[in-house]
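**Q** Residues in the sequence shown are numbered consecutively from 1, following my numbering.
Hints listed in this document are in silico derivations from the structure and should not be mistaken for laboratory results.
Since the model is a prediction, treat every value here as computed from it, not as a measurement.
Heads up, some of the hints might be wrong.
To be verified - In silico lysine to aspartate or glutamate, EDC-like type, Cα no more than 20 angstroms apart, as pairs:
{"no.": "1", "residue 1": "K156", "residue 2": "D114"}
{"no.": "2", "residue 1": "K356", "residue 2": "E393"}
{"no.": "3", "residue 1": "K148", "residue 2": "D130"}
{"no.": "4", "residue 1": "K183", "residue 2": "D164"}
{"no.": "5", "residue 1": "K78", "residue 2": "D293"}
{"no.": "6", "residue 1": "K461", "residue 2": "D173"}
{"no.": "7", "residue 1": "K520", "residue 2": "D543"}
{"no.": "8", "residue 1": "K194", "residue 2": "D209"}
{"no.": "9", "residue 1": "K156", "residue 2": "D209"}
{"no.": "10", "residue 1": "K78", "residue 2": "E257"}
{"no.": "11", "residue 1": "K394", "residue 2": "E444"}
{"no.": "12", "residue 1": "K397", "residue 2": "D410"}
{"no.": "13", "residue 1": "K461", "residue 2": "E337"}
{"no.": "14", "residue 1": "K344", "residue 2": "D293"}
{"no.": "15", "residue 1": "K489", "residue 2": "E444"}
{"no.": "16", "residue 1": "K403", "residue 2": "E451"}
{"no.": "17", "residue 1": "K397", "residue 2": "D341"}
{"no.": "18", "residue 1": "K156", "residue 2": "D201"}
{"no.": "19", "residue 1": "K489", "residue 2": "D209"}
{"no.": "20", "residue 1": "K344", "residue 2": "E532"}
{"no.": "21", "residue 1": "K549", "residue 2": "E532"}
{"no.": "22", "residue 1": "K489", "residue 2": "D341"}
{"no.": "23", "residue 1": "K489", "residue 2": "D164"}
{"no.": "24", "residue 1": "K461", "residue 2": "E168"}
{"no.": "25", "residue 1": "K394", "residue 2": "E451"}
{"no.": "26", "residue 1": "K517", "residue 2": "E210"}
{"no.": "27", "residue 1": "K183", "residue 2": "D201"}
{"no.": "28", "residue 1": "K183", "residue 2": "E205"}
{"no.": "29", "residue 1": "K194", "residue 2": "E184"}
{"no.": "30", "residue 1": "K461", "residue 2": "E451"}
{"no.": "31", "residue 1": "K508", "residue 2": "D173"}
{"no.": "32", "residue 1": "K140", "residue 2": "E123"}
{"no.": "33", "residue 1": "K148", "residue 2": "D200"}
{"no.": "34", "residue 1": "K397", "residue 2": "D342"}
{"no.": "35", "residue 1": "K140", "residue 2": "D201"}
{"no.": "36", "residue 1": "K183", "residue 2": "E444"}
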Amino acid sequence: MKFNGLMLQRLFRHLEPRWGFILGVLIIGLTLFAVGCTSAKGSASKPSSGIEPGEATDSSTKQANKSTEEAIQGGVFKRLFSDPSTLDPHLTTDATSATIVVEVFGGLVTISPDLEIEPDLAERWEKSDDGRVYTFFLRKNATFHNGKAVTAHDFKWSLERAADALTESLVVDQYLGDIVGVKEKLNGQARDIKGVRVIDDHSLEITIDEPKSYFLAKLTYPTAFVLDQVNVESGRRWMRDPNGTGPFKLSEYVPGELLILESNPNYHLGPPHIARAELILSGGTAMLMYENDEIHTTSVGLADLDRLLDPTNKLNAELHRSPPSFSVSYIGMNTIEPPFDDLKVRQALNFAINRKEITSLVLADLVTPANGILPPGFPAYNPNLDGYEFNPEKARKLLSDSKYGGNLADFPPILLTVSGGFGAAVGLDLEVILESWRKELGIEVEIQQTEFATYLQDLHKRRFQMFDIGWIADYPDPENFLDLLFNSKSSNNHTSYTNPEVDDLLVKARTETDREKRFKLYQEAEQIIVSEAPWIPLWHSGDQYVLIKPQVKDYYLTQLIVPRLRFVQIAE
1 MKFNGLMLQR LFRHLEPRWG FILGVLIIGL TLFAVGCTSA KGSASKPSSG
51 IEPGEATDSS TKQANKSTEE AIQGGVFKRL FSDPSTLDPH LTTDATSATI
101 VVEVFGGLVT ISPDLEIEPD LAERWEKSDD GRVYTFFLRK NATFHNGKAV
151 TAHDFKWSLE RAADALTESL VVDQYLGDIV GVKEKLNGQA RDIKGVRVID
201 DHSLEITIDE PKSYFLAKLT YPTAFVLDQV NVESGRRWMR DPNGTGPFKL
251 SEYVPGELLI LESNPNYHLG PPHIARAELI LSGGTAMLMY ENDEIHTTSV
301 GLADLDRLLD PTNKLNAELH RSPPSFSVSY IGMNTIEPPF DDLKVRQALN
351 FAINRKEITS LVLADLVTPA NGILPPGFPA YNPNLDGYEF NPEKARKLLS
401 DSKYGGNLAD FPPILLTVSG GFGAAVGLDL EVILESWRKE LGIEVEIQQT
451 EFATYLQDLH KRRFQMFDIG WIADYPDPEN FLDLLFNSKS SNNHTSYTNP
501 EVDDLLVKAR TETDREKRFK LYQEAEQIIV SEAPWIPLWH SGDQYVLIKP
551 QVKDYYLTQL IVPRLRFVQI AE
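Given only the sequences and the hints, what does the whole structure look like? Please build it.
**A** Here's what the structure looks like:
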């Protein structure tokens with residue numbers, strides 16, 4: 001998703017894990033995105049139910065509380081949150097924004113709390129025998145929040161709006177580029193998308209360039225969500241009063257203060273149980289607010305974890321463990337800028353970090369050292385990947401052998417850009433990393449902090465020499481990490497990394513139908529990428545702890561960002 005604005009606080013800034021993007025705080029218990037490759041079953045002659053089984057891992061969905069036998073209606077769910085960078089689905093690239101967007105808007109398909117691809121505004125679909133043509137059949141009871149029916153024409157307009165260069169979506173080519181004609185539309189060579197055809201008001205046909213097992217999963221990303229044309233064209237501030245299709249309506253939004261989501265009683269999948277959700281944006285001390293019953297849930301930081309793990313503590317019964325998100329935190333290096341245009345420099349910086357020691361002594365073993373890119377348990381994860389163990393002697397030798405080695409007085413200056421306001425604290429883990437480079441290699445790195453929205457824009461424009469960020473999966477397929485972030489033609493390739501062999505492997509993997517062969521292609525590509533070090537992989541998320549009030553039922557703790565507030569119940 002996608003990833004988490006992703007607000008961007010440091011991972012250690014008391015365990016609000018970074019999300020993917022992580023560009024930002026991972027909303028504990030949500031996160032983006034997973035149980036395996038998913039693909040719709042069905043063909044032109046046999047309609048699909050739309051419900052897709054996971055293939056790669058066991059379901060990791062957790063429930064903080066068991067469902068009550070009879071649904072509880074009403075109540076207000078409260079939690080701390082941060083301002084989204086946007087509420088326009090077609091512009092969403094971060095987890096903070098996506099967390100709200102998926103509650104207000106929707107698309108043809110969605111991801112369930114069990115991390116399966118399920119019908120949303122499309123009640124079912126059919127897929128052609130060659131795997132290229134999908135026909136979606138819309139629900140006849142689906143409406144926008146103002147009661148207007150959702151039609152196939154709305155979807156066609158929305159997809160073309162997302163692919164319009166004037167919309168300035170940063171990721172449309174990545175999430176919709178498989179559709180025939182999207183690239184031509186984006187480049188101004190066509191007025192419409194050739195591969196999107198309205199059959200009738202409730203039937204939409206989408207043709208993709210090649211059969212791809214992950215295509216349906218991509219449609220769960222906000223770039224593919226439907227919008228109301230009249231609403232969008234009402235003015236530049238349309239997002240303050242969006243006419244969505246989701247389980248909640250945006251009732252009030254005061255930036256920096258409060259965001260209120262009101263229940264949509266006419267939601268096509270059934271009305272939410274709670275009356276509204278209040279997201280507090282003005283800040284505060286989370287633990288104090290939780291203990292004062294001002295909020296219903298909060299993540300738990302290191303300062304409070306020990307006492308809460310004590311069975312005699314009255315809050316111990318309210319402490320829940322959230323499964324690790326499918327994410328990776330990393331430092332990216334622009335491979336065409338000095339000194340990172342030299343492979344040996346990039347490798348030296350990797351070898352000069354003791355990830356295991358930082359994980360244990362600084363991060364209290366609440367994260368897992370990242371040996372590569374794909375997180376543990378994710379489809380195509382390779383436990384035997386050859387990564388970077390701490391080896392300062394090898395790091396110094398590589399640096400000396402580089403074209404910049406020898407005289408560090410002539411070494412190009414390095415500027416590491418992080419997200420955060422002026423004067424914001426730098427995470428302790430990052431401070432330790434910088435000190436290790438200084439001690440082991442004699443390399444000084446200057447830090448520059450940039451406000452989050454600007455950070456995102458500059459990241460996509462590849463303006464950073466070196467940057468600290470993270471990524472969490474939008475959908476459960478290795479393509480979402482490796483192809484989106486390292487293909488030389490990808491707009492999300494923020495390090496300008498290029499390797500024709502890797503490109504060839506990634507392109508082959510897109511259409512390989514044998515799951516085992518496909519995953520081996522991704523593993524081969526990942527090994528090459530890690531060896532060539534455009535990244536310094538840092539950590540994968542570990543199990544996190546979250547407090548949830550006992551009256552809150554069905555607050556799902558998942559590894560992907562899903563529309564989940566409609567399941568929450570408040571038993572006052």
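**Q** For this structure, which hints from the list above don't hold up?
**A** 1, 3, 7, 14, 15, 16, 21, 25, 27 and 36
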